[in-house]
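Protein chains: 4
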Amino acid sequence: MKLSVASAMIDAALAEATRLKVTVCITVVDAAAWPVAFARMDGAPLGVIDVSGKKAKTAVLFQMDTAAFAKIAHPDGVAYSLENTNGGLTSFGGGVLLKAADGAVAGAVGVSGATSAEDIDIARAAARVLSA
Amino acid sequence: MKLSVASAMIDAALAEATRLKVTVCITVVDAAAWPVAFARMDGAPLGVIDVSGKKAKTAVLFQMDTAAFAKIAHPDGVAYSLENTNGGLTSFGGGVLLKAADGAVAGAVGVSGATSAEDIDIARAAARVLSA
Amino acid sequence: MKLSVASAMIDAALAEATRLKVTVCITVVDAAAWPVAFARMDGAPLGVIDVSGKKAKTAVLFQMDTAAFAKIAHPDGVAYSLENTNGGLTSFGGGVLLKAADGAVAGAVGVSGATSAEDIDIARAAARVLSA
Amino acid sequence: MKLSVASAMIDAALAEATRLKVTVCITVVDAAAWPVAFARMDGAPLGVIDVSGKKAKTAVLFQMDTAAFAKIAHPDGVAYSLENTNGGLTSFGGGVLLKAADGAVAGAVGVSGATSAEDIDIARAAARVLSA
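Protein chains in written order, with full-length UniProt numbering: chain A, 1 to 132; chain B, 1 to 132; chain C, 1 to 132; chain D, 1 to 132.
Excised from the complex, chain A in its bound form (with noise of 0.2 Å):
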């Protein structure tokens, strides 16, 4: 994951944010979970900034976006407290995996702030860049 294309993504992410009107962070991760970029938008509650990591990093250890995880973690899926490991991970949306034209893991975008459909549709707003 290049810095440069990470960069792009955060744009993305923070261009549909500014259309929905609401303020957001965004965590853009590499393949092996470590952050390349990130950026809080004016007036994000500062929880959130945690919140965004933990997305992309549950979306790129488990190769699934986050809302996908939330089913196997819920105490009625198939993987209960899954969400205890690897130091605390995150069951909604808003984590979407990124994968390269060949298919390979590329890494994940987290975004949290607004609703889980609103951080959802600018996590793939993000991913976008990807495929562009």
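In case anyone wonders, no lab produced these hints; they're calculated from the structure. Hints are not guaranteed to be accurate.
For chains that are exact copies, the list does not tell them apart, and a pair is met inside one copy or across any two.
Said to hold, decoys possible - Think about it this way: if two alpha-carbon atoms lie no more than 25 Å apart in a straight line, the pair counts; the simulated SDA-like pairs of lysine to any residue are:
hint: 1; residue 1: Lys71; residue 2: Leu3
hint: 2; residue 1: Lys71; residue 2: Thr115
hint: 3; residue 1: Lys2; residue 2: Ala100
hint: 4; residue 1: Lys21; residue 2: Val105
hint: 5; residue 1: Lys99; residue 2: Ala68
hint: 6; residue 1: Lys2; residue 2: Lys21
hint: 7; residue 1: Lys71; residue 2: Ala15
hint: 8; residue 1: Lys2; residue 2: Ala101
hint: 9; residue 1: Lys21; residue 2: Asp102
hint: 10; residue 1: Lys71; residue 2: Asn84
hint: 11; residue 1: Lys21; residue 2: Ser116
Based on the hints, put chains B, C and D in the right spot on chain A.
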């Protein structure tokens, strides 16, 4: 738990995982929950490294397989939140308790990366080394 | 610390690092030590991600550049072990305190990945954005 | 870092440790500091399990052997307190960086349990597997 035994269990688990065409992580811990041997198969998601360790730890700390632990630590179980003790435990199958011929706890093996049923199958393949 | 300012500081740091032909991580935090923006240049060692953040945190928490903090927190300094507080701080150059025109603390920038002298130079290039 | 290579490195380390009549722990991590394989020899002190992991992590995160890292992180070194970053690092020998034929970082091996000189010797025996 001797390293020679733990290594033989890892090899048995790898063989069973290969037979099932899945990629997993395997952790073997001793009767005091300290790691003896660990292996990550090529292609296993990074998140399951920690899960395999937590499954082994959970099994040996409460002297039961994690599939049994899941029933008591579930929100509807008799000891809900037990999974939050000891630095975080796992409440789904794939951690198998190991006992010596005389019934004493010998350690545990934790497997993660496939379905819970497959993880359990692989962990049992490893456990059979001890009773062979 | 507005995101627009923090982003401009990141850009200035990236330009200076490119001029020096080094690869670094840059973290900008606000006056309460919370991250605003972060970037990792391609090829920077993974270990310096955390170092850049700790440098920025150290500078803002004690309201001095980390090169100054290093003198008091050194084993021969007046406050040896101060570096072990606040979850771990850094005692070498590369964290630069940011002040507003009226002298109030505005945040800090932390740079890591090159020599300490280069890290300081890059952090100062970022800091000049604030006073421009 | 493939498991087959990491396992061969563990075996080489065990053979060298046996030759030296010492008992150690060996951890092999990939280029992003994630564990691939681990082994604890019978009789190794429990405390060195974590030390072997931290040595491998330190080497790969800063792209140098831990004996070299020790010089810069020493109280009189250029980056005192660097050992307090990244969740705690180790500033003495026994972590050896692994490079591929093209010079790219391939991972690291960490050995702990004997004297530092012996730990280094054992780690180098493991590293030779990669270049063989």
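Could you check the structure against the hints above and give me the numbers of any it violates, in ascending order? Numbers 1 and 7, in rising order.
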